[in-house]
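**Student:** What follows is the residue order along each chain.
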Amino acid sequence: MSIKEIFETMDYGPAPESTEEAEKWLAARFNKFNHFINGKWVGPSSGEYFETRSPSRNEVLAQVADGTAKDCDRAVAAAKAAQPGWAALSGHQRARYLYAIARRVQKHSRLFSVLESLENGKPIRESRDIDIPLVARHFYHHAGWAQVRDRELPGFKALGVVGQIIPWNFPLLMAAWKVAPALAMGNTVVLKPAEFTSATAVLLAQICDEVGLPDGVFNLLLGDGKAGKHLVANPDVKKIAFTGSTEVGRILRRATAGTGKKLTLELGGKSPFIVYEDADLDSVVEGLVDAIWFNQGQVCCAGSRMLVQESVADVLHEKIKLRMSKLVIGDSLEKGIDIGAIVDPVQLERITDMVQLGVEEGGELWQPECKFPEEGCFFPPTMLTNVEPSATLAQEEIFGPVLVSMTFRTPAEAVELANNSRYGLASSVWTENINLALDVAPKIKAGSVWINCTNMFDAASGFGGYRESGFGREGGKEGLYEYLKPTWETALSDKPVYQASEPAEPVEPEPGKVTSIDRTAKLYIGGKQARPDQGYSIMSHDAAGLPVGEFPAGSRKDIRDAVEAARKSEGWTATTAHNRAQVLYYIAENLAARQSEFVARLARLSGNTKGKANKEIEACIERIYTYAAMADKYDGDVHATPFRNVTLAMREPLGVIGIVAPEEAGFIGFISTIMPAVAMGNRVVVVPSQRYALLATDFYQVLDTSDLPDGVINIVTGEQQALTAEMANHYDLEGFWYWGSLEGSKLVEHSAAETMKRTWVNYGRYHDWFSQEQGEAEAFLRKAVEIKNIWIPYGE
Amino acid sequence: MTNVFTLKQPGAVDDHGLERNPGMAYTPELFNRIRINRSAVERRAATIAKRRSIKKEFQTAWLLKAITCMDLTTLAGDDTPGKVRRLCQKARRPVRRDILDGLGVGDMNITTGAVCVYHNLIPTAVKALEGTDIPVAAVSTGFPAGQIPQPLKIAQIRESVKAGATEIDIVISRAMVLTGDWKAIYEEVKAYREACGEAHLKAILATGELGTLTNVAKASWVCMQAGADFIKTSTGKESVNATLPYSLVMVRAIRDYHQLTGYKVGYKPAGGISKASEAIAYLVLIKEELGNEWLNPHLFRFGASSLLGDIERQLEHRLTGSYSASYRHPMS
Numbered sequence: 016m017s018i019k020e021i022f023e024t025m026d027y028g029p030a031p032e033s034t035e036e037a038e039k040w041l042a043a044r045f046n047k048f049n050h051f052i053n054g055k056w057v058g059p060s061s062g063e064y065f066e067t068r069s070p071s072r073n074e075v076l077a078q079v080a081d082g083t084a085k086d087c088d089r090a091v092a093a094a095k096a097a098q099p100g101w102a103a104l105s106g107h108q109r110a111r112y113l114y115a116i117a118r119r120v121q122k123h124s125r126l127f128s129v130l131e132s133l134e135n136g137k138p139i140r141e142s143r144d145i146d147i148p149l150v151a152r153h154f155y156h157h158a159g160w161a162q163v164r165d166r167e168l169p170g171f172k173a174l175g176v177v178g179q180i181i182p183w184n185f186p187l188l189m190a191a192w193k194v195a196p197a198l199a200m201g202n203t204v205v206l207k208p209a210e211f212t213s214a215t216a217v218l219l220a221q222i223c224d225e226v227g228l229p230d231g232v233f234n235l236l237l238g239d240g241k242a243g244k245h246l247v248a249n250p251d252v253k254k255i256a257f258t259g260s261t262e263v264g265r266i267l268r269r270a271t272a273g274t275g276k277k278l279t280l281e282l283g284g285k286s287p288f289i290v291y292e293d294a295d296l297d298s299v300v301e302g303l304v305d306a307i308w309f310n311q312g313q314v315c316c317a318g319s320r321m322l323v324q325e326s327v328a329d330v331l332h333e334k335i336k337l338r339m340s341k342l343v344i345g346d347s348l349e350k351g352i353d354i355g356a357i358v359d360p361v362q363l364e365r366i367t368d369m370v371q372l373g374v375e376e377g378g379e380l381w382q383p384e385c386k387f388p389e390e391g392c393f394f395p396p397t398m399l400t401n402v403e404p405s406a407t408l409a410q411e412e413i414f415g416p417v418l419v420s421m422t423f424r425t426p427a428e429a430v431e432l433a434n435n436s437r438y439g440l441a442s443s444v445w446t447e448n449i450n451l452a453l454d455v456a457p458k459i460k461a462g463s464v465w466i467n468c469t470n471m472f473d474a475a476s477g478f479g480g481y482r483e484s485g486f487g488r489e490g491g492k493e494g495l496y497e498y499l500k501p502t503w504e505t506a507l508s509d510k511p512v513y514q515a516s517e518p519a520e521p522v523e524p525e526p527g528k529v530t531s532i533d534r535t536a537k538l539y540i541g542g543k544q545a546r547p548d549q550g551y552s553i554m555s556h557d558a559a560g561l562p563v564g565e566f567p568a569g570s571r572k573d574i575r576d577a578v579e580a581a582r583k584s585e586g587w588t589a590t591t592a593h594n595r596a597q598v599l600y601y602i603a604e605n606l607a608a609r610q611s612e613f614v615a616r617l618a619r620l621s622g623n624t625k626g627k628a629n630k631e632i633e634a635c636i637e638r639i640y641t642y643a644a645m646a647d648k649y650d651g652d653v654h655a656t657p658f659r660n661v662t663l664a665m666r667e668p669l670g671v672i673g674i675v676a677p678e679e680a681g682f683i684g685f686i687s688t689i690m691p692a693v694a695m696g697n698r699v700v701v702v703p704s705q706r707y708a709l710l711a712t713d714f715y716q717v718l719d720t721s722d723l724p725d726g727v728i729n730i731v732t733g734e735q736q737a738l739t740a741e742m743a744n745h746y747d748l749e750g751f752w753y754w755g756s757l758e759g760s761k762l763v764e765h766s767a768a769e770t771m772k773r774t775w776v777n778y779g780r781y782h783d784w785f786s787q788e789q790g791e792a793e794a795f796l797r798k799a800v801e802i803k804n805i806w807i808p809y810g811e
Numbered sequence: 252m253t254n255v256f257t258l259k260q261p262g263a264v265d266d267h268g269l270e271r272n273p274g275m276a277y278t279p280e281l282f283n284r285i286r287i288n289r290s291a292v293e294r295r296a297a298t299i300a301k302r303r304s305i306k307k308e309f310q311t312a313w314l315l316k317a318i319t320c321m322d323l324t325t326l327a328g329d330d331t332p333g334k335v336r337r338l339c340q341k342a343r344r345p346v347r348r349d350i351l352d353g354l355g356v357g358d359m360n361i362t363t364g365a366v367c368v369y370h371n372l373i374p375t376a377v378k379a380l381e382g383t384d385i386p387v388a389a390v391s392t393g394f395p396a397g398q399i400p401q402p403l404k405i406a407q408i409r410e411s412v413k414a415g416a417t418e419i420d421i422v423i424s425r426a427m428v429l430t431g432d433w434k435a436i437y438e439e440v441k442a443y444r445e446a447c448g449e450a451h452l453k454a455i456l457a458t459g460e461l462g463t464l465t466n467v468a469k470a471s472w473v474c475m476q477a478g479a480d481f482i483k484t485s486t487g488k489e490s491v492n493a494t495l496p497y498s499l500v501m502v503r504a505i506r507d508y509h510q511l512t513g514y515k516v517g518y519k520p521a522g523g524i525s526k527a528s529e530a531i532a533y534l535v536l537i538k539e540e541l542g543n544e545w546l547n548p549h550l551f552r553f554g555a556s557s558l559l560g561d562i563e564r565q566l567e568h569r570l571t572g573s574y575s576a577s578y579r580h581p582m583s
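Chains as they are written, first to last, in my numbering: chain A, 16 to 811; chain B, 252 to 583.
Hints may contain errors.
Stated by the list, open to error - Short, incomplete list of chain B residues facing chain A, as computed with Cβ under 7 Å:
#1 Ile287
#2 Ile299
#3 Arg303
#4 Lys316
#5 Lys378
#6 Thr463
#7 Arg503
#8 Asn543
What the hints assert, rightly or not - Just so you have them, the derived chain A footprint on chain B, three or more residues with Cβ under 8 Å:
#9 332-340
#10 347-359
#11 367-375
Said to hold, decoys possible - Below 25 Å or equal to it, Euclidean Cα-Cα: the simulated DMTMM-like pairs (lysine to aspartate or glutamate) are:
#12 Lys244/A with Asp293/A
#13 Lys19/A with Asp432/B
#14 Lys19/A with Glu308/B
Because the hints were derived from the structure by calculation, they are not lab data. Computed from a predicted structure; not experimentally measured. Glycine included, each C-beta is placed from N, C-alpha and C at the ideal position.
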């Protein structure tokens with residue numbers, strides 16, 4: 016076109032980013048990517064490679080080593096050998112390495128961006144302006160955490176070798192999110208990138224090499240899902256961090272169940288994007304562009320499900336259509352595009368099928384007319400309106416540039432619709448009313464809530480899911496705990512620590528000898544004493560084997576009722592921390608009032624002296640005080656993210672937590688496990704120790720007199736093992752804490768794969784419940800909450 | 252308020268076949284619920300130019316477009332006829348002939364969009380631009396602060412039109428915005444429009460003095476309802492003048508007004524735009540938010556005094572491949 020013609024048409028014209036340097040870099044590696052193990056580039060033991068392609072150009076970029084079990088073992092062995100040395104360095108020394116990596120990422124930022132866009136298909140603008148700067152920021156921020164780890168996180172140590180499996184949608188960014196905190200905290204790493212996207216991971220390995228990172232600290236294992244599987248199975252790997260599909264997340268949860276491997280999963284989503292009628296609608300439209308037409312919609316936290324107030328729906332849909340018609344699709348290396356290529360034909364086919372299904376199910380399809388390049392893997396920006404909550408597309412993740420839209424009537428209905436999902440990764444709320452925004456944000460089940468913005472990320476703020484979007488946080492101080500373990504945890508014992516007499520063989524009661532009025536212990540459900548559904552009871556015997564009294568044999572339906580009662584008791588979660596503290600103090604007060612009775616019962620069941628039993632009840636009262644005290648002190652943070660905004664890291668209770676109290680640990684084990692959960696605002700269903708069940712049933716009389724709302728603490732006595740299985744499989748529990756056997760721990764973690772409930776298990780080890788370190792560690796509070804980051808930009 | 256139904260009635264057609272905005276009855280319900288989210292607007296403004304890239308011959312064409320949309324301006328106490336004659340010559344020949352020839356556009360008759368002066372210099376400018384299509388714009392109504400009696404403002408407009416100005420850049424009373432007296436602004440601007448007659452009215456909001464983006468949006472609506480042909484950001488004398496966020500808010504109001512009424516109102520960012528790259532960013536913003544129809548001097552103007560110099564240097568660079576120097580280009 017001549018200048019004169021352009022003057023008339025005012026077209027943008029082509030502006031391709033040069034790939035010359037990237038091609039040189041590829042050629043220098045003979046277009047072959049190898050593993051980076053123990054500081055050396057290593058070919059696959061099988062000699063096998065597979066192709067990696069550029070989706071927007073349909074060209075082969077390189078051959079990628081197909082990692083084998085042997086390769087994986089080598090990588091893990093190298094990481095294992097390097098770990099003690101790496102952890103022994105001072106925080107400052109580790110900080111210097113991370114700082115050097117951050118610097119080099121910046122210095123080679125364009126090469127990273129071009130490689131990323133070539134291999135992934137994302138627009139060069141996004142890799143250049145978003146992905147790579149965030150990568151550098153992540154290494155800088157965590158260089159800082161390395162520097163101050165000992166000061167800020169005393170009492171913690173590194174886990175050891177960490178296996179990290181990352182997806183193809185933000186290849187280098189996800190690598191940074193995982194590698195930076197792991198290394199900062201003193202772990203060594205085996206990173207397994209997605210098979211579609213290895214290039215920037217290879218360049219990252221090169222940089223680690225260049226900055227002189229000690230051999231074996233960072234290892235790169237290339238390959239497909241098989242390599243990942245080997246990594247997960249390796250017993251020397253102490254933690255798996257995974258970002259990817261919920262389906263694979265479940266496989267990993269099952270594979271690691273009972274192994275003691277720490278696990279964090281950042282999985283799928285169907286994140287709501289809520290538009291209230293008083294929102295700045297033009298800004299909403301741009302928010303959507305950043306939400307669902309960012310990275311071709313291949314974003315786990317994409318705002319893919321728009322909920323718009325009925326009164327503005329038509330206007331907004333028109334505005335969106337107008338904006339969509341301006342979106343430019345094209346080669347990922349073209350600077351002037353908004354939407355690049357879908358990562359792979361397989362993914363393109365899935366998106367196409369899903370959209371087809373959406374139309375079949377009644378959705379109204381809208382796509383702008385747009386030009387595609389002839390070669391490559393493209394899908395147009397798409398909006399489906401009139402998608403009802405029951406439609407597949409309203410529930411299932413598409414992972415493509417497809418927005419579904421539905422309407423709501425009231426603020427409360429919007430929240431209900433938003434939470435009508437198995438997922439809970441992120442959400443976006445648009446309103447100019449701060450009262451509404453701050454009312455809605457805590458009610459949404461999502462790890463990130465973006466007020467009048469979307470897809471905001473920063474190293475200083477934790478990111479991660481609720482529900483089936485996974486667990487664990489990446490970024491911020493909250494993310495560091497995922498790469499650390501408290502030192503007390505390693506000190507847990509293999510044998511019971513709690514001292515009690517070995518119970519004697521049960522003695523049959525002498526018939527017809529009633530010495531006192533028959534006391535009937537019951538279940539405690541919804542603030543009421545309830546008979547067990549099946550009408551069986553279990554006899555409790557004292558240490559001498561004499562019968563003490565009967566307690567109910569709770570079963571499946573009792574668990575159901577207890578969970579329902581706990582679910583209904585929402586007021587406890589909504590009330591102020593001060594009120595919760597008051598109730599806890601009152602419980603302590605009433606327990607003290609009946610101290611002698613509890614001492615006598617405990618002495619009889621444990622066979623301990625009354626003096627010893629008295630000390631335990633004293634300790635229980637003190638523990639309740641501790642959690643009453645912490646109820647309004649274990650509060651949130653405001654993170655220093657680099658935007659004009661307040662990033663509120665709120666600690667929210669999980670909701671309903673199932674607890675299996677330690678069998679051996681008298682009354683202190685029961686109190687120590689339920690009180691932190693309750694103090695943080697959770698409602699609990701607790702299965703007490705069988706031996707000490709009558710203490711738990713005595714305790715509900717204390718609860719009854721302490722102003723505890725109905726359904727906050729529900730007590731189901733019975734066979735611990737059977738009840739554990741019932742709770743482990745229950746969908747409506749957000750959390751499950753288990754103190755019992757290794758097999759039981761495995762069962763709990765394995766079952767949690769289906770429901771994605773947050774589990775905390777002891778792998779058959781024993782706490783010293785009387786010690787402050789093991790009996791009331793910070794972890795009891797940390798595990799009782801989930802951190803939600805609420806981003807609130809401001810400025811009028 | 253942003254329904255797509257149209258209220259369009261036949262309006263006056265100007266010399267270019269464009270129907271002038273006749274304005275409408277004062278209708279506060281169309282704007283009084285507007286809320287602008289500053290942070291979101293700033294995010295869009297920060298990325299709008301990064302989402303598009305204009306290179307080589309495309310950049311040349313776009314920069315030429317910027318020149319034709321420029322109100323070449325001098326608004327100083329020491330303006331003299333001599334200075335204004337120089338400015339007008341520059342408006343006629345904004346770029347060295349050899350550069351335009353070299354770029355193959357010598358026959359395009361590239362001139363600036365207008366010349367903008369104070370009232371006293373109108374006759375000089377009109378005379379200096381004789382034989383061209385370049386209009387003379389005059390700032391008016393007690394520019395820049397507008398703190399003079401209303402009758403004098405009306406008289407000033409009439410005088411300027413009589414003196415030959417075909418475009419009148421008025422200032423609104425900021426005090427009325429800050430006290431929420433939208434009706435008064437409507438009445439004031441409507442009166443100015445009547446006083447303008449055939450001359451086009453550009454309403455300067457003085458965005459830097461309105462306090463909030465929400466006020467900027469509302470003021471845009473009131474001026475359009477009162478019959479403004481253009482809405483303009485600033486006088487160039489406020490401490491903050493044209494910015495991309497202000498522009499986004501104003502052009503979105505123009506878009507909504509157009510969708511509602513069918514009339515196209517023009518947009519003029521003024522003050523502080525001095526780099527070729529900034530000019531491109533503004534053009535991108537207009538193209539993305541309003542569309543190509545607005546990319547011409549009838550609906551888009553830059554108010555600028557030093558922008559042209561940078562564009563000239565860029566054009567020479569395009570031609571020669573070497574970076575240019577300001578002394579190589581004739582001054583205005």
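**Student:** Would you mind marking each hint as holding or not holding in the structure?
**Tutor:** Taking the hints in turn, this is what the structure says about them:
1. Ile287: For isoleucine 287/B, the interface hint holds, since the closest Cβ of chain A sits about 5 Å away, which is under 7 Å.
2. Ile299: 9 Å, violated
3. Arg303: 5 Å, holds
4. Lys316: 6 Å, holds
5. Lys378: The hint is violated - lysine 378/B has no Cβ within 7 Å of chain A, the shortest such distance being about 30 Å.
6. Thr463: Because about 5 Å separates threonine 463/B from the closest Cβ in chain A, which is inside the 7 Å limit, the hint holds.
7. Arg503: Holds: closest Cβ of chain A sits about 5 Å from arginine 503/B, inside 7 Å.
8. Asn543: 5 Å, holds
9. 332-340: Per the Cβ count (0), the hint is violated.
10. 347-359: With 4 residues in contact (Cβ-Cβ under 8 Å with chain A), the coverage given for the stretch 347-359 of chain B holds.
11. 367-375: violated (count 0)
12. Lys244/A with Asp293/A: Since the Cα atoms of lysine 244/A and aspartate 293/A sit roughly 49 Å apart, the hinted pair is violated (cutoff 25 Å).
13. Lys19/A with Asp432/B: Violated - the C-alpha atoms of aspartate 432/B and lysine 19/A are around 47 Å apart, more than 25 Å.
14. Lys19/A with Glu308/B: 10 Å, holds
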